[in-house]
Amino acid sequence: MKRQVPLALCFLFGIAMIFTQFSPHSYSQDVYKEVINWGLIISPFALVLAVVTLIQTHATRIRLRTEHWQYSLIVFAGMIVMVLFGVPDGPQNPIVVWLYDNVQVPMDATMFSLLAFFIASAAFRAFRARAFEATLLLITAMFVMIGNVPIGDLVWNKLIFWIPGADNPESWVNSTADGASWFRQWILDIPNTAARRGIILGVSLGVISQSIRIILGIERSYLGGGD
Amino acid sequence: MLEKFMNMDRRIIFILVALVVIIPTLIPIRLPITVSEPTQKLYDFIEELPSGSTIMMAFDYGPSSLAEPEPMAKAVMQHCFSKGVKVIGMTLYPNTPTLADKLMRKIAAENNAVYGEDYVFLGYRPGALQVILGMGTDISSVFETDYQKTPITEISMMENITNYDQIDLLLDLASGSSTETWIIYANTRYGLKIAAGVTAVIIAQMYPYLQSGQLIGLMPGYLGAAQYEKLLNAHGDGTVGLNTASFAHLLIIVLVILGNVAFFIHRRREA
Numbered sequence: 001m002k003r004q005v006p007l008a009l010c011f012l013f014g015i016a017m018i019f020t021q022f023s024p025h026s027y028s029q030d031v032y033k034e035v036i037n038w039g040l041i042i043s044p045f046a047l048v049l050a051v052v053t054l055i056q057t058h059a060t061r062i063r064l065r066t067e068h069w070q071y072s073l074i075v076f077a078g079m080i081v082m083v084l085f086g087v088p089d090g091p092q093n094p095i096v097v098w099l100y101d102n103v104q105v106p107m108d109a110t111m112f113s114l115l116a117f118f119i120a121s122a123a124f125r126a127f128r129a130r131a132f133e134a135t136l137l138l139i140t141a142m143f144v145m146i147g148n149v150p151i152g153d154l155v156w157n158k159l160i161f162w163i164p165g166a167d168n169p170e171s172w173v174n175s176t177a178d179g180a181s182w183f184r185q186w187i188l189d190i191p192n193t194a195a196r197r198g199i200i201l202g203v204s205l206g207v208i209s210q211s212i213r214i215i216l217g218i219e220r221s222y223l224g225g226g227d
Numbered sequence: 001m002l003e004k005f006m007n008m009d010r011r012i013i014f015i016l017v018a019l020v021v022i023i024p025t026l027i028p029i030r031l032p033i034t035v036s037e038p039t040q041k042l043y044d045f046i047e048e049l050p051s052g053s054t055i056m057m058a059f060d061y062g063p064s065s066l067a068e069p070e071p072m073a074k075a076v077m078q079h080c081f082s083k084g085v086k087v088i089g090m091t092l093y094p095n096t097p098t099l100a101d102k103l104m105r106k107i108a109a110e111n112n113a114v115y116g117e118d119y120v121f122l123g124y125r126p127g128a129l130q131v132i133l134g135m136g137t138d139i140s141s142v143f144e145t146d147y148q149k150t151p152i153t154e155i156s157m158m159e160n161i162t163n164y165d166q167i168d169l170l171l172d173l174a175s176g177s178s179t180e181t182w183i184i185y186a187n188t189r190y191g192l193k194i195a196a197g198v199t200a201v202i203i204a205q206m207y208p209y210l211q212s213g214q215l216i217g218l219m220p221g222y223l224g225a226a227q228y229e230k231l232l233n234a235h236g237d238g239t240v241g242l243n244t245a246s247f248a249h250l251l252i253i254v255l256v257i258l259g260n261v262a263f264f265i266h267r268r269r270e271a
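Protein sequence lines, in the order shown, are assigned to chains A and B. Start counting the first sequence at 1; every next residue gets the next number (this note's numbering). Start counting the second sequence at 1; every next residue gets the next number (this note's numbering).
Incorrect hints may appear among the rest.
As a list, the in silico DSS-like pairs of lysine-lysine whose alpha-carbon atoms are at most 30 Å apart [said to hold, decoys possible]:
#, chain 1, residue 1, chain 2, residue 2
1, B, K102, B, K149
2, B, K4, B, K106
3, A, K33, B, K193
4, A, K33, B, K149
5, B, K41, B, K102
6, A, K158, B, K230
7, B, K83, B, K193
8, B, K230, B, K83
9, B, K41, B, K83
Honestly, the hints are just simulated from the structure, not real lab data.
Hey, can you work out the whole structure from these sequences and the hints?
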């Protein structure tokens, strides 16, 4: 029963939702709206599940005194404070807003900003033209980077100025002005789009085949192990 | 000497990064900005909307990445309010409502826009997919109230807005994969026109949708914000941010070139 009921529900709702996509009949559309409403009701339970998992994980860390277990206390402290002030009044509570503006936003922004420092350091140490593929990646990345900012064209235009004939407005050299942004755009428009489209098609076909397997009950891993 | 350079203390690089970020922020340099076609298309679309039209803005980014989408949001909202285009704000991210609400109020105050008449912020509901699909049939079934807990049936701006049929454009300001979800479920299922303003790091993912016409316009991070500001003739955070990003990019490129030069000299010596 533990397996048959979920499999039957999955089949029933899977087929029903596919059917509603192709039938404009009012009854079909009513079923579609109703299922979406059910989904909206069920979705918040995912948050409850997330909170329970968070509590379990950090409680275990504190109990077992694993490395850096003290940080789990901070997790609980933060969660309790936000729940205490946030649940009765909602997120508009002045204390919640103050904590959000003065703790969460600066901390999140700081964490993300640190990436710039580490990326620069890693780029200097690890981004090497060791092989043909690495060289290609390096050149492409450099053009996309420099073409993404206006200083790229500024530097490019200064460099082509040194090519003989650049002072002649009719020269071919002048037609290559703003070459950094042009080349970046070409990379994004042509090779990037082609590669991304291939990935999207592959992933989409995979999703379709996996969905059919789940609806038909062939793929059952989502039910979890055991019986 | 070469070995020493290749194993340079990373704190020197950190100081260099700090300098190229701090100096252009404190001393603004006006770099020439060329408006790209995807940004121009978004601007033109909004420019051609008649007064009283409605666009929906999805603030799908968190505090960690607000530096890039926020200037884009500011520029587009400024454009909308100046044109009399109404703005509905919402988010698929649980930790964004406070941020988005504050931003909308700030830009609205600067442009004399009135809450409930010119703009409204709906807030957040869990379940991104169900929210997108649900709003396609009935917005009030997903958001019974706005962020301030006012029933949306009592908001004058929402009187004639039931679902996506009354919304002229959805602008997704994203730092993740939300734009693709909007395209798949709101554009394909309901025909909602979609544009995006995304962080530069995910811009490459958006090009197939731009080429297929599923995205009517696209703003690439700071560059997009600065381009939009240029079109509005109002230089703001996007232009400042782009200047900073310019020098940071340049530093990384110089470091990569120097690192490779040192690597090749070292390899030749060893051979």
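>> Hint by hint, where does the structure go against what was stated? Just the numbers, ascending.
In response: As far as the earlier hints go, only 2 is violated by this structure.
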